[in-house]
Amino acid sequence: MVFRPNIYGDTLQWIFADTHTQQTTTIEEASSPIQLMRSTGLTTGEQKNMPIDATGIVTCKVAGIFMLQYHCSFSGAENNTFSMYWTINSTSRETGKTKWTMKSGDYWAISSQTMINLQEGDTIDLYIENNTDTNDIELEDFNQTIFKIS
Amino acid sequence: MGIYTDNIWKPEWAWATFYTNESQTTTIDEASSPTQLNRATGLATAENIGLDLDGATGIITTQYSGLYYLNVSACFSGASGDIFSLNFKIAGSDVDEGKIQWTQNGGWHWEVSMANIYQINGEQEIDINIQNLSDSINITLLAFTQTIIKLH
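Protein chains in written order, with the working numbering: chain P, 102 to 251; chain S, -2 to 149.
These are calculated hints, taken from the structure and not from any lab test. Each residue gets a CB set at the ideal place from its N, CA and C atoms; glycine is no exception. Please note that the accuracy of each hint is not assured.
Lysine-lysine pairs mimicking DSS-like chemistry, simulated, CA-CA at most 30 Å apart [what the hints assert, rightly or not]:
{"#": "1", "chain 1": "S", "residue 1": "Lys86", "chain 2": "S", "residue 2": "Lys96"}
{"#": "2", "chain 1": "S", "residue 1": "Lys96", "chain 2": "P", "residue 2": "Lys149"}
{"#": "3", "chain 1": "P", "residue 1": "Lys162", "chain 2": "P", "residue 2": "Lys149"}
{"#": "4", "chain 1": "P", "residue 1": "Lys162", "chain 2": "S", "residue 2": "Lys96"}
{"#": "5", "chain 1": "S", "residue 1": "Lys96", "chain 2": "P", "residue 2": "Lys200"}
{"#": "6", "chain 1": "P", "residue 1": "Lys162", "chain 2": "P", "residue 2": "Lys198"}
{"#": "7", "chain 1": "S", "residue 1": "Lys96", "chain 2": "P", "residue 2": "Lys198"}
{"#": "8", "chain 1": "S", "residue 1": "Lys86", "chain 2": "P", "residue 2": "Lys149"}
{"#": "9", "chain 1": "P", "residue 1": "Lys198", "chain 2": "P", "residue 2": "Lys149"}
{"#": "10", "chain 1": "P", "residue 1": "Lys204", "chain 2": "S", "residue 2": "Lys96"}
Computed footprint of chain P on chain S, listed as stretches where at least three residues anywhere in the stretch have a Cβ under 8 Å from a Cβ of chain P [as the list claims (entries may be wrong)]:
{"#": "11", "region": "35 to 42"}
{"#": "12", "region": "90 to 96"}
Chain S with its partners taken away, still in its complex shape (with noise of 0.2 Å):
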């Protein structure tokens, strides 16, 4: 006669999107310093699996240890003539990996992407920083979708 088991461990599977088409302004202190883009107004998630979501900020812990893809396409207004960088902040430290950057030009919506594909071990931290390289002139996010898939 076997022992019945359960399996508690499952495939250690990972991903998710999540999302908010709230506008949202995120409070520059100071040119040149990375602040936490506030995108938390209006948070959804529309898949999760292995992730866990802090709905007041919008970080995300990882579950599980691995090489995960990560995506992130957001729309921006305000603070034409500014330029901004976008970037992912991962255990703690902010990334040059998928760093991306952009001025803030004449026109109301702005859509910039980043993406890349990182390490990181299970119980740490995702998050996304913003910063205005020109001068301390607050930003508005107008849509925000974040993607991320534990690819192995």
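Isolated chain P, as found in the complex (with noise of 0.2 Å):
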């Protein structure tokens, strides 16, 4: 028999982080999801189980089923088509995807929701891209929430 301490505690998981400081993503090619820029500000308000870096990348430590959610305000770019993916270990997955078109106006509120069957170690972002041409984006709220249903 092998003893294998309990590294984790319970298997209870969940996050909420959030910044309300604007921040922009830089877009260098149209159509080429990167990297959502949300570190500035980037605090985490309830946390169990779920480490979050530096980046915004959320880490799952045990294998379930996670209910992903996250509403943001953008601004910039009047006209330009822009989606949004969720990203697990730098794959965008196409459940949970948002596209939008900015229109007049500072502020576009856009959000999403999803379920996830994650596995120990896998990894959480989120993507944006530019659908139209290189304009950036600027993000003014972000809140995000994922938690462990089973």
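From these two lone chains plus the hints, build me the complex, please.
Next up, the structure:
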């Protein structure tokens, strides 16, 4: 019999992270997903068994079904169409993808919710792309909620 | 012979969904001043265990302390070009966690949602505030759904 210490405690997992500091994601190429810049002012209000690094990447510690949700406000690049993806282990997923066109005015509120089966060590990231050209986009508000359902 | 005692505590579960699809206006008296979102008209309960709803205001009071997932999805119209923000008010304080802002552009309906995970004690109130960051033009709520789940 092999003794394995329970290094994670229980299997409860959740995280709520947010920032309300304006920050720019630089678009270098159209229709090429890149990491959403959200590190400035990023704080973790609630967190259990889900580490988050300085760039906002969250790591799953115990496998299971997770609910993933974000609510963001953006500004800039009027009439440009953007897409945002849940990105697991650097691979962008179609589930939970959002797509919108920035119109006149400062703020555009976007949200997404999906459920994804995650394995231990999987990383959860968010990628954004400008489908129109290479105009940058400004993040104004960022709220991310993830919790393990089962 | 044992003594029979009712399990008066039950599990400390809590979840609820409240909604209204009746049009109602929140009066903005002053720009950039948080005002309670008017949502009481037609406010109905789809599910509720462990939470108390004040039907006259939409304020929810928790019965149990714990970690709560809070979500609001709403649809607004009016005040084209004005910037609004929506936030939770918990235990009497406006909180940044989950706060969202948007510009009420042309078009009749504007969908907005927000969510957070928040530690809330028993018998504390969960409310929702809205503010017009541009001026004092009112905003009309067209559809509203609020979901709360006690995670732990």
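Evaluation of the provided hints:
1. S:Lys86 x S:Lys96: Roughly 10 Å between the alpha carbons, so the hint for Lys86 of chain S and Lys96 of chain S holds.
2. S:Lys96 x P:Lys149: The given pair, whose Cα atoms are some 22 Å apart, holds under the 30 Å limit.
3. P:Lys162 x P:Lys149: It holds: about 10 Å lies between the C-alpha atoms, which stays within 30 Å.
4. P:Lys162 x S:Lys96: holds, 28 Å
5. S:Lys96 x P:Lys200: Within the cut-off at roughly 21 Å; holds.
6. P:Lys162 x P:Lys198: holds, 24 Å
7. S:Lys96 x P:Lys198: holds, 21 Å
8. S:Lys86 x P:Lys149: holds, 23 Å
9. P:Lys198 x P:Lys149: It holds: about 26 Å lies between the C-alpha atoms, which stays within 30 Å.
10. P:Lys204 x S:Lys96: holds, 21 Å
11. 35 to 42: violated (count 0)
12. 90 to 96: Coverage by chain P holds here, the residue count being 4 at a Cβ distance below 8 Å.
In summary, the structure is inconsistent with hint 11 from the numbered list given earlier, while agreeing with all the others.
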